[in-house]
Amino acid sequence: MAPVLEVVDVSKSFGAVAAVQGVSFPLFAGEAHALVGENGAGKSTIVKMLAGVHRPDTGTLRVNGADVDFAGPADAKAAGIAVIYQEPTLFPDLTVAENIAMGNQPLTRLHRVDRKAMNAAAARLFTRLGVHLDPSRPARGLSIADQQLVEIAKALSSEARILVMDEPTAALSGVEVERLFSVVRSLRDEGAAIMFISHRFEEVTALCERVTIMRDGRHVCTELVADLTVDDMIRRMVGRDLSALFPKQDVPPGDVVLEVDRLSREGVFSDISFSVRAGEIVALAGLVGAGRSEVMQAVFGVDKYDSGSVRILGKRLKPGSPRAAMAAGMALVPEDRRQQGLVMELSIERNVTLPRARKLARLGLLWSATERAEAHRWTQRLQTKLGRLTDAVGTLSGGNQQKVVLAKWLSTAPKLLIVDEPTRGIDVGTKAEVHRLMSSLAADGLAVVMVSSELPEVLGMADRVLVLREGRVAAELTRAEATEESVMYAAMGQQVSA
Amino acid sequence: MSAMASPAPGVKTIFKARELGIVLALAALVAYTAIGNPRFLSGQSVRDILLNTAILAVMAAGQAVVVITRNIDLSVGSVLGLSAFAVATMMSANPGLPMIVALLAGIAVGAVCGLLNGVLIRYGRVPALVVTLGTLYIYRGVTYSWAGGSQVNADELPPHFLTFANDSLLGIPWLVLIAIVVVGGVSFLMRDFRVGRELYAMGSSPQAAELAGIRVARNLLGAFLLSGSLAGLAGVLFAARFGTVDAAAGTGYELNVVAAVVVGGVAVFGGSGTVWGAGLGALLLTVIGSALAVLDINQFWQQAIVGALIVLAIGADRLVAVRIARSLRRRDARG
Numbered sequence: 001m002a003p004v005l006e007v008v009d010v011s012k013s014f015g016a017v018a019a020v021q022g023v024s025f026p027l028f029a030g031e032a033h034a035l036v037g038e039n040g041a042g043k044s045t046i047v048k049m050l051a052g053v054h055r056p057d058t059g060t061l062r063v064n065g066a067d068v069d070f071a072g073p074a075d076a077k078a079a080g081i082a083v084i085y086q087e088p089t090l091f092p093d094l095t096v097a098e099n100i101a102m103g104n105q106p107l108t109r110l111h112r113v114d115r116k117a118m119n120a121a122a123a124r125l126f127t128r129l130g131v132h133l134d135p136s137r138p139a140r141g142l143s144i145a146d147q148q149l150v151e152i153a154k155a156l157s158s159e160a161r162i163l164v165m166d167e168p169t170a171a172l173s174g175v176e177v178e179r180l181f182s183v184v185r186s187l188r189d190e191g192a193a194i195m196f197i198s199h200r201f202e203e204v205t206a207l208c209e210r211v212t213i214m215r216d217g218r219h220v221c222t223e224l225v226a227d228l229t230v231d232d233m234i235r236r237m238v239g240r241d242l243s244a245l246f247p248k249q250d251v252p253p254g255d256v257v258l259e260v261d262r263l264s265r266e267g268v269f270s271d272i273s274f275s276v277r278a279g280e281i282v283a284l285a286g287l288v289g290a291g292r293s294e295v296m297q298a299v300f301g302v303d304k305y306d307s308g309s310v311r312i313l314g315k316r317l318k319p320g321s322p323r324a325a326m327a328a329g330m331a332l333v334p335e336d337r338r339q340q341g342l343v344m345e346l347s348i349e350r351n352v353t354l355p356r357a358r359k360l361a362r363l364g365l366l367w368s369a370t371e372r373a374e375a376h377r378w379t380q381r382l383q384t385k386l387g388r389l390t391d392a393v394g395t396l397s398g399g400n401q402q403k404v405v406l407a408k409w410l411s412t413a414p415k416l417l418i419v420d421e422p423t424r425g426i427d428v429g430t431k432a433e434v435h436r437l438m439s440s441l442a443a444d445g446l447a448v449v450m451v452s453s454e455l456p457e458v459l460g461m462a463d464r465v466l467v468l469r470e471g472r473v474a475a476e477l478t479r480a481e482a483t484e485e486s487v488m489y490a491a492m493g494q495q496v497s498a
Numbered sequence: 001m002s003a004m005a006s007p008a009p010g011v012k013t014i015f016k017a018r019e020l021g022i023v024l025a026l027a028a029l030v031a032y033t034a035i036g037n038p039r040f041l042s043g044q045s046v047r048d049i050l051l052n053t054a055i056l057a058v059m060a061a062g063q064a065v066v067v068i069t070r071n072i073d074l075s076v077g078s079v080l081g082l083s084a085f086a087v088a089t090m091m092s093a094n095p096g097l098p099m100i101v102a103l104l105a106g107i108a109v110g111a112v113c114g115l116l117n118g119v120l121i122r123y124g125r126v127p128a129l130v131v132t133l134g135t136l137y138i139y140r141g142v143t144y145s146w147a148g149g150s151q152v153n154a155d156e157l158p159p160h161f162l163t164f165a166n167d168s169l170l171g172i173p174w175l176v177l178i179a180i181v182v183v184g185g186v187s188f189l190m191r192d193f194r195v196g197r198e199l200y201a202m203g204s205s206p207q208a209a210e211l212a213g214i215r216v217a218r219n220l221l222g223a224f225l226l227s228g229s230l231a232g233l234a235g236v237l238f239a240a241r242f243g244t245v246d247a248a249a250g251t252g253y254e255l256n257v258v259a260a261v262v263v264g265g266v267a268v269f270g271g272s273g274t275v276w277g278a279g280l281g282a283l284l285l286t287v288i289g290s291a292l293a294v295l296d297i298n299q300f301w302q303q304a305i306v307g308a309l310i311v312l313a314i315g316a317d318r319l320v321a322v323r324i325a326r327s328l329r330r331r332d333a334r335g
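Protein chains in written order, with our numbering: chain A, 1 to 498; chain B, 1 to 335.
There could be a bad hint or two in this list.
[Said to hold, decoys possible] Facing chain B, according to a computed beta carbon distance under 10 Å, are these residues of chain A, among others:
no., residue
1, P26
2, A29
3, G52
4, H54
5, P56
6, F91
7, P92
8, G103
9, L107
10, T108
11, L110
12, H111
13, V113
14, K116
15, A117
16, A120
[What the hints assert, rightly or not] Using 25 Å as the maximum straight-line C-alpha spacing, the simulated DMTMM-like pairs for lysine to aspartate or glutamate come out as follows:
no., chain 1, residue 1, chain 2, residue 2
17, A, K318, A, E345
18, A, K116, B, D192
19, A, K116, B, D246
20, A, K304, A, E294
21, A, K415, A, E345
22, A, K318, A, E266
Source of the hints: derived by calculation from the structure; they are not laboratory data.
Every residue, glycine too, gets a C-beta built ideally from N, C-alpha and C.
Modelling step: build the complete structure from the supplied sequences, incorporating the hints.
Right under this line is the structure:
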């Protein structure tokens, strides 16, 4: 049987980062095909290429044996590919029926949109899917599960033969997952090709016939699900060269700096407890969406929490106040440098001194000499490569921007440093430097919490690893216990069987 | 099935209630004023109100389309000025030209201005607020440097041009007819045609619109082209109605137009509201102005009242949004 869709040797880079390199796999009609891999393995890039959002740099996509080149999402749609994103993409102000029909509404003879026919078509689709939704209600206010069903109806209405689903079950409850699966199974039995992306192995084994495993942007294997055990799949997902590790110096831990006790926020995370000592680096690992950043944002006071407490050096911290957190000696280096960490248009020195502008000011004014001296001291210490301190931060490379963010917070002499994805989008050389820096800061008695999606970084840097899964602590591992497998098992909710 | 027990009907009635609210406010205002001074409902007074509404409503129809796509066009007042001056100059130089040529010339001037706005926004990737704030000054500056302090007076314009404002068909002034056709036509386009629904979709979720394969660039250019063209048309109507045109014609109109659209129930964040609601908004603002004069209330209050209406309209939007967000959160927490 010839495949409906073939991905042939595609590669895609964003700047210096190769997201996907030489990946090939076929998709067959009447088959559900799983695509699995760690965070950053390149799954989403593949999805976006199939959706027509990204164009492959090299390689081709083949639909029904013919090469296709999508200039945009409209082309992919026309080729019979429908993509259902993790976050549904509906128009909240329009009715459910309009959402389904958008782009090919039924028309009357005068080219008006035929609302009656449109609602009837939507109702027919819902009957076929076995769900009860009112086609004439606005999409606003639908639950995620219902929004996904609308997306599926949308795919059906455009006669899509290839359905790509990017982690559709991430936000669904058990019952909703079952309903989604029965819909997907019946589509598959009617001859549609399904590409299913999920982090949950029980779903992969329950739904899919074939699985493609990706690692670091590369294709590992495509096999029948029946031929692989869950252990095999995990091993192939993580089985990576471990030589590029960044060992942290061993430091005898000091006093407890941060104590988080049963922190909960409805619908986001619950019952999170952990502590960090001076000189320790504690990593928060887990899959994207497990609630890692959310927990640290709540600890820092950017977000609120419903119950539990945060203590710094034994003193309880006022919730929901970043100002109080900073006064107590906390510093947060956020995940998104551009959006949250730096003011790109301001000069380097201004950025470095921003959090303590008040302290540096004399007579209520900032004096540039003071500012400059301070900025000079920190950028020197972090070996930031820059032209002049008065240049805009936006002109620096990613790694050096990250150092400026670090300088900014280190100049406040924090007792606890929270870093969220400290080396995302940074080249390998600078990465090692950032790691060396964090290690030496810990050696100086700083307590560090690091949120990271990169397993080697977690394993190399952390004294202890806290694995989060779906908003809960799935495991707390010591340095000796933490391996690629044990962290992945915990993150995916599997028992260690080996 | 959780979807059936959702708060959808409430949401729907609130959306419907938007235009209803304006109608009710309008009725109450007219009734109250008429009781205070019955002459408010005399033929001449009603005629004046409708004539004054017409120009505002034509521009509001175009602006509503732009706002529905989650953009804004601040240049409409300047486009009106440029079109009015261009057409008045043309008519005074060629008194023999028929009215339809004047109308088409005004529309063409506006179309060029609107298209330029659209191109800068889409291909320059600059927010509409910034682009049209810039072109507001540019178009006005062009008009000023062209006029060079001169003005076109009523006695220089051909009589058929000037009487157009007062002539009527079946007792309805041409100006009002044009406004009704424009508001009705654009409402129809937005409600019942594919392109209209796509414009709503773009405002409702720009990201999803791109992913859905909607021709976003074409539609956006179209929206600004329409807004510009209607402002150009309004310029011709302005020149015909007032006769005397200088380079300052229509200064500050953009704010009235935006106010009419917002008061008329078009959501400032796009995606919802109707064009005829914006037309009603224009009518309401004009009636308020006349009513205050009739009731002998200080004109200064007019601005404060318009301001209060805008805040009220936006407040209602936020209230709806917050309620929906809250009910969603509760549901997610349950699920």
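Against the structure, the hints:
1. With a least beta-carbon distance of about 25 Å to chain B, the hint placing P26(A) at the interface is violated under the 10 Å criterion.
2. This hint is violated: A29(A) has a C-beta 23 Å from the nearest C-beta of chain B, more than the 10 Å allowed.
3. Against a cut-off of 10 Å between C-beta atoms, the interface hint on G52(A) holds, since the closest Cβ of chain B lies about 8 Å away.
4. The restraint placing H54(A) at the interface with chain B is violated, with a minimum CB-CB distance near 12 Å, outside the 10 Å limit.
5. With 10 Å as the threshold, the beta carbon of P56(A) stays out of range of chain B, its nearest partner Cβ sitting at about 18 Å, so the hint is violated.
6. Taken as an interface hint, F91(A) checks out: its beta carbon lies about 4 Å from the nearest beta carbon of chain B, inside 10 Å.
7. Using the Cβ-Cβ criterion of 10 Å, the hint placing P92(A) at the interface with chain B is satisfied: the shortest such distance is roughly 6 Å.
8. Given hint, G103(A) at the interface with chain B, holds; its Cβ is 6 Å from that chain's nearest Cβ, closer than 10 Å.
9. Annotation: L107(A) was flagged as interfacial toward chain B, and the flag holds, the nearest CB pair being 7 Å apart, inside 10 Å.
10. Proximity of T108(A) to chain B holds as hinted, the smallest CB-CB distance being about 9 Å (cut-off 10 Å).
11. The closest approach between the C-beta of L110(A) and any C-beta of chain B is roughly 9 Å, which is under the 10 Å cut-off, so the hint is satisfied.
12. Given hint, H111(A) at the interface with chain B, holds; its Cβ is 7 Å from that chain's nearest Cβ, closer than 10 Å.
13. The interface hint given for V113(A) is met, as the beta carbon of that residue sits about 6 Å from the closest beta carbon of chain B, less than 10 Å.
14. Annotation: interface hint on K116(A) violated; nearest CB of chain B at approximately 12 Å, more than 10 Å.
15. The beta carbon of A117(A) comes no nearer than 13 Å to any beta carbon in chain B, farther than 10 Å, and the hint placing it at the interface is violated.
16. The interface hint given for A120(A) is broken, as the beta carbon of that residue sits about 17 Å from the closest beta carbon of chain B, more than 10 Å.
17. At most 25 Å may separate the alpha-carbon atoms for a hinted pair to count; K318(A) and E345(A) exceed this at roughly 32 Å.
18. At most 25 Å may separate the alpha-carbon atoms for a hinted pair to count; K116(A) and D192(B) meet this at roughly 12 Å.
19. Between K116(A) and D246(B) the alpha-carbon distance is near 51 Å, which puts this suggested pair outside the 25 Å criterion.
20. At roughly 10 Å between alpha-carbon atoms, K304(A) and E294(A) fall within 25 Å of each other, so this suggested pair holds.
21. As the CA atoms of K415(A) and E345(A) are separated by approximately 29 Å, the hinted pair breaks the 25 Å bound.
22. Of the supplied pair hints, the one linking K318(A) and E266(A) holds, its CA atoms being roughly 19 Å apart against a limit of 25 Å.
Going through the hint list in order, the structure does not satisfy hints 1, 2, 4, 5, 14, 15, 16, 17, 19, 21.
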